[in-house]
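Peer 1: One letter stands for each residue in the lines below.
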Amino acid sequence: MPVWFEGVIPEHNAVRSAVGIFDTSHMGRLLVSGPDAEALLDRLVTNDISRLGPMEGLYTVTCNEHGGIKDDFIIYRLAEDQFFVVPNASNREKDLNWLLEHAKKSDVEVKDVSDDIAMMAIQGPKAEKTLQKIASEPLREIRRFKCKEMTLGKYKALVARTGYTGEDGFEAYLWDTPLSNPSKALDLWEEILSAGKEFGIKPCGLGARDSLRLEAGLSLYGNDIDEETNPFEARLGFVVKLKKRHAFVGREALARVNKEEAERLLVGIRMLDKGIPRHGYEIWKRDRKIGHVTSGGFSPTLNVGIALAYVAREHSELDTEVEIKIRERLAKGKIVKSHPFYDETQYGFKRVKT
Amino acid sequence: MSEEYEIPEGLYYTDDHEWIKVLEDGTVLVGITDYAQKSLHEVVYIELPNVGDKLKQKEVFGSVESVKAVSDLYSPVSGPVEEINEELVDSPEFINSDPYGKGWIVKVAPKNLDEEIENLLNAEQYREHLESLKE
Numbered sequence: 001m002p003v004w005f006e007g008v009i010p011e012h013n014a015v016r017s018a019v020g021i022f023d024t025s026h027m028g029r030l031l032v033s034g035p036d037a038e039a040l041l042d043r044l045v046t047n048d049i050s051r052l053g054p055m056e057g058l059y060t061v062t063c064n065e066h067g068g069i070k071d072d073f074i075i076y077r078l079a080e081d082q083f084f085v086v087p088n089a090s091n092r093e094k095d096l097n098w099l100l101e102h103a104k105k106s107d108v109e110v111k112d113v114s115d116d117i118a119m120m121a122i123q124g125p126k127a128e129k130t131l132q133k134i135a136s137e138p139l140r141e142i143r144r145f146k147c148k149e150m151t152l153g154k155y156k157a158l159v160a161r162t163g164y165t166g167e168d169g170f171e172a173y174l175w176d177t178p179l180s181n182p183s184k185a186l187d188l189w190e191e192i193l194s195a196g197k198e199f200g201i202k203p204c205g206l207g208a209r210d211s212l213r214l215e216a217g218l219s220l221y222g223n224d225i226d227e228e229t230n231p232f233e234a235r236l237g238f239v240v241k242l243k244k245r246h247a248f249v250g251r252e253a254l255a256r257v258n259k260e261e262a263e264r265l266l267v268g269i270r271m272l273d274k275g276i277p278r279h280g281y282e283i284w285k286r287d288r289k290i291g292h293v294t295s296g297g298f299s300p301t302l303n304v305g306i307a308l309a310y311v312a313r314e315h316s317e318l319d320t321e322v323e324i325k326i327r328e329r330l331a332k333g334k335i336v337k338s339h340p341f342y343d344e345t346q347y348g349f350k351r352v353k354t
Numbered sequence: 355m356s357e358e359y360e361i362p363e364g365l366y367y368t369d370d371h372e373w374i375k376v377l378e379d380g381t382v383l384v385g386i387t388d389y390a391q392k393s394l395h396e397v398v399y400i401e402l403p404n405v406g407d408k409l410k411q412k413e414v415f416g417s418v419e420s421v422k423a424v425s426d427l428y429s430p431v432s433g434p435v436e437e438i439n440e441e442l443v444d445s446p447e448f449i450n451s452d453p454y455g456k457g458w459i460v461k462v463a464p465k466n467l468d469e470e471i472e473n474l475l476n477a478e479q480y481r482e483h484l485e486s487l488k489e
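Taken in order, these protein sequences are the chains called D and G.
The opening position of the first sequence corresponds to residue 1 in my numbering, with each subsequent residue numbered one higher.
The opening position of the second sequence corresponds to residue 355 in my numbering, with each subsequent residue numbered one higher.
Excised from the complex, chain G in its bound form (with noise of 0.2 Å):
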């Protein structure tokens, strides 16, 4: 199953399908991952969070709805928001087509990165967390 499913090096993960980059000025982009972009199928509507908004690791900080289904976000880091990709609003069908490029969500000033970071999964566990789900 996780042969289908593009899964980059560098990033980390969380159970609920969302992924982080960690940027050389140390914030962090967060988008959902090819697994999550795939069983939601064509998405429509991205409800985010505004700038300036403090994001909790775990907690729910936006939305995104498809055609089939609508299912929360979860902020895989604590911190503020810094950037909202203001382009999903008149495309969130990019979630769809690049969900590790033009699909990020939001860029967030972590602000226990190197705690919290213990939390989220590694490629590699995340692959083994895909494999999981398939039991």
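Pulled out of the complex, with its shape left as it was, chain D reads as follows (with noise of 0.2 Å):
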């Protein structure tokens, strides 16, 4: 995937007012299967698996024993011993490793099928619009973070109603397209930006994945999330379920870190001043410094500089003035409700009825 086709501001304007296409095929993909499936994964995820239904999917994070965050991830259960895993592009090896390392004595086979299935996303308001003209199924039956077998155009694929934009839309999966002959892909790609046309679909490049995923406030592994942090201070506690039938790995460390309370915690900073925050940036407040950008950018959508950052928790408040490190200068900007940073009754996935 490019950095953009025509350009960032327009790419994500599309997806926020009607539709785009990205192409996200360097996503791991991994096939867990077997009777132990179900047990494996529960043993590894924070998340509680039992209740994921046949084609039902669930966000979650995986933890080392100290409860940093190795990856975050969907999970969908496909068959009733069977489930699809979608892991982070650079945490693809890692976390089958990881995966084969605690099937060794379960009867669970674990596969990476990511360079046998394209992937692509396509999001936006008018997404179930323009995929509809070429699905055979009824994509308004598919509830978010579930997913469906059907055709679209000629081609079998996996359609789930995810994505990492903030707005409506579907992620799909196109079986049997190994990577060294893409042809399906590039076939579904042209027939999708067809059906779309009329919306004014555009490709759209890894630029405005990235300010997308931000303004919605959705983390980024490797930059709000690592091995470093733990999920409750990312405020992803609500993927935690420390009562669940399965213990998982970090949870003894996590239920202690749940009890007290997290020195920083991750937020959003809508910046006053000119300027745009980026990874790194420090932020100051009173001559001190508190903490530091972990994701920043133009956002489009509110033609203002934001960021997701950690800041120590007594200036985690809402509306707290802060200063960010701009090169040599310091700028100000607030802190604000950053899941998502945009007004919801106009922007994203809850306007839109599904």
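Simulated from the structure, these hints should not be mistaken for laboratory data.
There could be a bad hint or two in this list.
Unchecked claim - Lysine to aspartate or glutamate pairs mimicking DMTMM-like chemistry, simulated, CA-CA at most 25 Å apart: (1) D:K156 <-> D:E141; (2) D:K274 <-> G:E378; (3) D:K334 <-> G:E401; (4) D:K332 <-> G:E436; (5) D:K325 <-> G:E401; (6) D:K274 <-> G:D407; (7) G:K410 <-> G:D370; (8) D:K332 <-> G:D426; (9) D:K274 <-> G:E401.
Since the model is a prediction, treat every value here as computed from it, not as a measurement.
Got two chains here, each in a separate frame; can you build the complex from them with the hints?
Peer 2: In structure tokens:
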């Protein structure tokens, strides 16, 4: 995926106002199957896999023994004992080895199918109308985080109502499309572009993918979360089910962390002055450094610089004014609601009736 | 590479990709080149000096910030700022859409233009400079 096709801002705006398509085949795709698949996954992730019905997905993190986040991803249950895991590209090998290591003693097969399945995301308020034109099943019936097998154009695909933009939309997995022969994926890509033409669909690059997820307040692994951060300080406590049936790696550490108050929290910052906060910039309050930016950029929707940042808990209240060190100067910003940054009555999946 | 970029004749250029246009009254308009705007990509902010500020050749007088990066502006000439392009505050995208026209940044009354122009490049020299960056 290029950084942009036409430009970050027009691509971003196409997704917020209509529809855009992303080639997300860089992500990992792992199939975990067998009688012990559920138990294995449930022992490795923080969310409760047992509550997944067939063709349902959920967002979760997987932690190390200290409660640091090893990865975040969506898991789908395709059948009673078959699961589909979609890790971050950078963690694909790490997750695969982690699963294989824990699968040794159980009746589970773990297969890396990343290079055999093409993946694309169709996102935006017009995503359903676009994709419905070529889909064999009624998309309206697929609720968020649910998925369904169907044909898209001529090809068999798994279609999930998920995404990384904050908008309504779908992620499509095209079976039997090896990297070495992507012709089916290219064909489908063109077909979706034609279907979305009347809505002004745009092919989108990594730049818009990042600005869209940032506006939605979605964490990026390696920036906002990593093995040194725990889910509570990253405000991902909602995916940690300490009381679920299986004990999971990191549970003891997380139970301890949950009782204490986190020293720092991931917050949203909206600039009051000009300037764009970027990864690594320091955050100051009254001559003291109180944190740092983990993801930042220009928000095309709000027309201002925004950031996700870790700040000391005592400065994490909404509306707190802070200063961001942008090169040599201190620029004013304030702490705002970041999940998402935009007004949900105007933008994002909640405005769309699904 | 230089064929991809517009380099108008009659302007003078810096190594840092600013241009000047000498006007009939002896003042100069300053902007950034097509190469600079394409490298920066979508410009979203511009930090301008104030009218009356005294610029010095080769010294920073402002910055442009794009979705990708922030970049300092180096003054091609020395002298006081006579006018700033206030339209850029609300429409910084003019720097991308029309870098040699509506995207001008400041107007300066140069103090030693005859001398300082020796440190600048003409269109052909600037084209060669871009070619050298390719290598």
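Peer 1: Give a verdict on every hint.
Peer 2: Hint check:
no. : hint              : result
1   : D:K156 <-> D:E141 : holds (18 Å)
2   : D:K274 <-> G:E378 : violated (35 Å)
3   : D:K334 <-> G:E401 : holds (21 Å)
4   : D:K332 <-> G:E436 : violated (29 Å)
5   : D:K325 <-> G:E401 : holds (16 Å)
6   : D:K274 <-> G:D407 : holds (20 Å)
7   : G:K410 <-> G:D370 : holds (15 Å)
8   : D:K332 <-> G:D426 : holds (20 Å)
9   : D:K274 <-> G:E401 : holds (9 Å)
Hint check: violations occur at hints 2, 4; the rest are consistent with the structure.
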